[in-house]
Amino acid sequence: MAKAKTPSYVLELELQTNQAERVILEKKIKIAKQIYNACLGFALKRLAELRSDKEYHVLVADKSAKGRTKRLKEIERSHGYSEYQLHAFVAPMQAKYAKNMGSLEAQKLATRAFKSVEKLKYHQAKRVHFKRPFDDMSVENKNNATGIRFDGEFLLWGKKNAKGSLKLKVFIKPNDEYAHMALCDKTKYCRVVMREIRGKPRFFVQLIQEGLPPTKRDKDTGLEKNPVDTFNSRVGIDMGTSTGAVVSEDKIQLVELAEACKADAKELRRMERAMDRSKRATNPHNFKENGVVKKGVKWSFSNRYMKRKAKRKDLHRKIATKRKQAHEELANDILSQGSDVRVETMRFQSLQKKAKKTTRNKKNGRIDKKKRFGKSLLNHAPAMLITILDRKLGYQGKSVKKIDTYATKASQFNHKTGEYTKKQLEQRWNDIQGLSIQRDLYSAFLIGNTTDSLDSIDVDLCDSQWEQFVELHNREIARLQQSTNKTLHWFVKPDKQRKTAVAV
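Numbering (UniProt numbering), first residue to last: 1 to 504.
I should point out that these hints are in silico values taken from the structure, not numbers from a laboratory.
Hints may contain errors.
[What the hints assert, rightly or not] Distance condition first, Cα-Cα at most 27 Å in a straight line; then the derived DSS-like pairs of lysine-lysine:
no., residue 1, residue 2
1, Lys422, Lys409
2, Lys121, Lys27
3, Lys309, Lys324
4, Lys115, Lys188
5, Lys401, Lys119
6, Lys63, Lys45
7, Lys121, Lys142
8, Lys423, Lys354
9, Lys131, Lys353
10, Lys363, Lys375
11, Lys288, Lys298
12, Lys119, Lys142
13, Lys30, Lys200
14, Lys266, Lys353
15, Lys169, Lys142
16, Lys115, Lys131
17, Lys493, Lys369
18, Lys266, Lys219
19, Lys119, Lys375
20, Lys266, Lys311
21, Lys126, Lys309
22, Lys416, Lys251
23, Lys27, Lys188
24, Lys70, Lys54
25, Lys311, Lys324
26, Lys262, Lys219
27, Lys322, Lys173
28, Lys45, Lys121
29, Lys169, Lys216
30, Lys307, Lys262
31, Lys294, Lys307
32, Lys33, Lys169
33, Lys322, Lys131
34, Lys163, Lys99
35, Lys219, Lys322
[As the list claims (entries may be wrong)] Label-pair restraints from in silico Cβ distances:
no., residue 1, residue 2, range
36, Glu74, Gly199, 30 to 36 Å
37, Glu328, Glu49, 42 to 48 Å
38, Asn303, Asn175, 39 to 45 Å
39, Ala260, Gly199, 21 to 27 Å
40, Ser483, Glu328, 20 to 26 Å
C-beta: ideal position from N, C-alpha, C; glycine also.
Construct all of the structure, not just a fragment, from the sequences and the given hints.
Take a look at the structure:
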């Protein structure tokens, strides 16, 4: 009988380790990387063998064949391509490292490798990556009974008093109310994570707890932080590549996503330019006359280059941490406004790709660059914000509602006339009955007022909220015009013919 699925959340705590314990942990992580890479290589070979099977190709193409799914699974198993056959492959390898790696931990590594190759199989990824010596790594268990386990105070790894076993103190701040409340819930299983922070390895345990995460409270007032909306109020979000327009009944805001990461991104660019100069100075024969890298050449790097490389890695970690924290805070703010969150269905991955069409600049005749929004998506991660919102709503038994982008055409629609007007990307203002309304905020307003079928705009609902929206819109535009944020200034750039919006 299958186990009942229950909600889960993650509590991450740092492990207190001495030098001897860190040596053992690093050894275990190194073994985990070797096992993972071996499983990944084995799965790739099985996939290549599977793809060379003619019957498999015919069945994949013929989607109407009777018993197709069952036969495909049989062919996969005949070539050794299945998750449980990968578990069998990893068993003798785990036995060799039994003192440092349990059978369940090895199976989870095999499962992780198999899922990576599955993405390759279904064309959800272009390639898979083997773990390198200096990459961060995690190892997890399947339960909290054997292997990696948490007893309420210590993290245990391995059999008691056996060689290679560990008993590590988990660091919990005495005044960390959230952690103490979370530890009251049952621990499903544990995950040990190694991260290189400021050039030194540090170890953390992620406890996968059963249930819903505790509510965070203000230390001074004792009141709940970011209280969840209980009235199921609507929130419309028009997500861009670098900004997000959020419109609810009582609040309107146009924000730059992860604004705090700008300074670090600037430092990262300087560091990468310095690394490129160093690389060219120590490897002058690896470049053609036009500066392009030669293929198949060996590289030698200076000590300064390697130090900069380590700093760059740490800077990427800082930026990723700040970006996620900013998104978590923004998600909390959005959910305090309403729990009926609506966004457009967007494929951000397609916006990363270069343009296919070759065009020329009309002024100078040069070929235009084909790059699009890849860098902006990397720096601001709009899809991550939607994922975080969906996760937080999942704790309430809800999810983010994605409207039909092509049916609603929120960026083109005028709810007063019922007409659709296509606009250029640089056009940031809509003319609504002679009034100029900021385009992104208006789109978010329309998205929030879609019908329950999520494929059309509820015009009556728009009309009933129009006066309130215009009043809040004016306040937000006035705030943004006083802001020092250059990105947001472009979105509210004054127009010569723009009028002050007044509700009609």
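Here is what the structure says about each hint:
Restraint check for lysine 422 and lysine 409: satisfied, since their Cα atoms lie roughly 9 Å apart, inside the 27 Å limit. Restraint check for lysine 121 and lysine 27: the C-alpha separation of about 32 Å exceeds 27 Å, so the hint is violated. Restraint check for lysine 309 and lysine 324: satisfied, since their Cα atoms lie roughly 23 Å apart, inside the 27 Å limit. Under the criterion of a C-alpha separation no larger than 27 Å, the hint pairing lysine 115 with lysine 188 is consistent with the structure, at around 21 Å.
The straight-line distance between the Cα atoms of lysine 401 and lysine 119 is roughly 25 Å, inside the 27 Å bound, and the hint therefore holds. A threshold of 27 Å between alpha carbons decides the hint, and for lysine 63 with lysine 45 the separation of about 25 Å falls inside it, so the pair holds. Our distance criterion of 27 Å between C-alpha atoms is met by lysine 121 and lysine 142, whose separation comes to about 26 Å. With a CA separation close to 22 Å, the supplied pair lysine 423 and lysine 354 stays within the 27 Å bound.
For the hint pairing lysine 131 with lysine 353, the CA-to-CA distance comes to about 26 Å; that is within 27 Å, so the pair holds. Annotation: proposed proximity of lysine 363 to lysine 375 holds, straight-line Cα distance about 26 Å (limit 27 Å). Proposed proximity of lysine 288 and lysine 298 is supported: the alpha carbons are some 14 Å apart, at most 27 Å. The straight-line distance between the Cα atoms of lysine 119 and lysine 142 is roughly 22 Å, inside the 27 Å bound, and the hint therefore holds.
In summary, the hint linking lysine 30 to lysine 200 is supported, as the alpha carbons are separated by about 16 Å, within the 27 Å threshold. With a C-alpha separation of about 23 Å, the suggested pair lysine 266 and lysine 353 falls inside the 27 Å cut-off, and the hint holds. In summary, the hint linking lysine 169 to lysine 142 is supported, as the alpha carbons are separated by about 21 Å, within the 27 Å threshold. At roughly 15 Å between alpha-carbon atoms, lysine 115 and lysine 131 fall within 27 Å of each other, so this suggested pair holds.
Between lysine 493 and lysine 369, the direct Cα distance comes to roughly 25 Å. Compliance with the 27 Å bound is thereby established for this hinted pair. For the suggested pair lysine 266 and lysine 219, the alpha carbons sit about 35 Å apart, so the restraint of at most 27 Å is broken. For the suggested pair lysine 119 and lysine 375, the alpha carbons sit about 24 Å apart, so the restraint of at most 27 Å is met. At most 27 Å may separate the alpha-carbon atoms for a hinted pair to count; lysine 266 and lysine 311 meet this at roughly 14 Å.
Between lysine 126 and lysine 309 the CA atoms are separated by roughly 26 Å; this keeps the pair inside 27 Å, and the hint holds. For the hint pairing lysine 416 with lysine 251, the CA-to-CA distance comes to about 22 Å; that is within 27 Å, so the pair holds. At most 27 Å may separate the alpha-carbon atoms for a hinted pair to count; lysine 27 and lysine 188 meet this at roughly 25 Å. For the proposed pair lysine 70 and lysine 54, the alpha carbon gap of about 17 Å is at most 27 Å, so the pair holds.
Simply put, lysine 311 and lysine 324 have alpha-carbon atoms about 20 Å apart, close enough for the 27 Å limit, and the pair holds. At roughly 30 Å between alpha-carbon atoms, lysine 262 and lysine 219 are farther apart than 27 Å, so this suggested pair is violated. Proposed proximity of lysine 322 and lysine 173 is supported: the alpha carbons are some 22 Å apart, at most 27 Å. Restraint check for lysine 45 and lysine 121: the C-alpha separation of about 12 Å stays at or below 27 Å, so the hint holds.
For the proposed pair lysine 169 and lysine 216, the alpha carbon gap of about 25 Å is at most 27 Å, so the pair holds. Of the pairs offered as hints, the one joining lysine 307 and lysine 262 holds, with about 23 Å between alpha carbons and a cut-off of 27 Å not exceeded. Distance hint between lysine 294 and lysine 307 is fulfilled; the C-alpha atoms sit about 25 Å from each other, no more than 27 Å. Our distance criterion of 27 Å between C-alpha atoms is met by lysine 33 and lysine 169, whose separation comes to about 24 Å.
Proximity of lysine 322 to lysine 131 is assessed by CA-CA distance (about 25 Å); at most 27 Å being required, the pair is judged to hold. Annotation: proposed proximity of lysine 163 to lysine 99 holds, straight-line Cα distance about 6 Å (limit 27 Å). Distance check on the hinted pair: lysine 219 and lysine 322 sit about 23 Å apart at the alpha-carbon level, within 27 Å; holds. Remark: the range hint 30 to 36 Å for glutamate 74 to glycine 199 is contradicted by a beta-carbon distance near 51 Å.
For the pair glutamate 328 and glutamate 49, the beta carbons lie near 44 Å from each other, so the given range of 42 to 48 Å is met. Remark: the range hint 39 to 45 Å for asparagine 303 to asparagine 175 is upheld by a beta-carbon distance near 43 Å. A hinted range of 21 to 27 Å holds for the C-beta pair alanine 260 and glycine 199, which are about 23 Å apart. The hint said 20 to 26 Å for the Cβ distance between serine 483 and glutamate 328, and at roughly 23 Å that hint holds.
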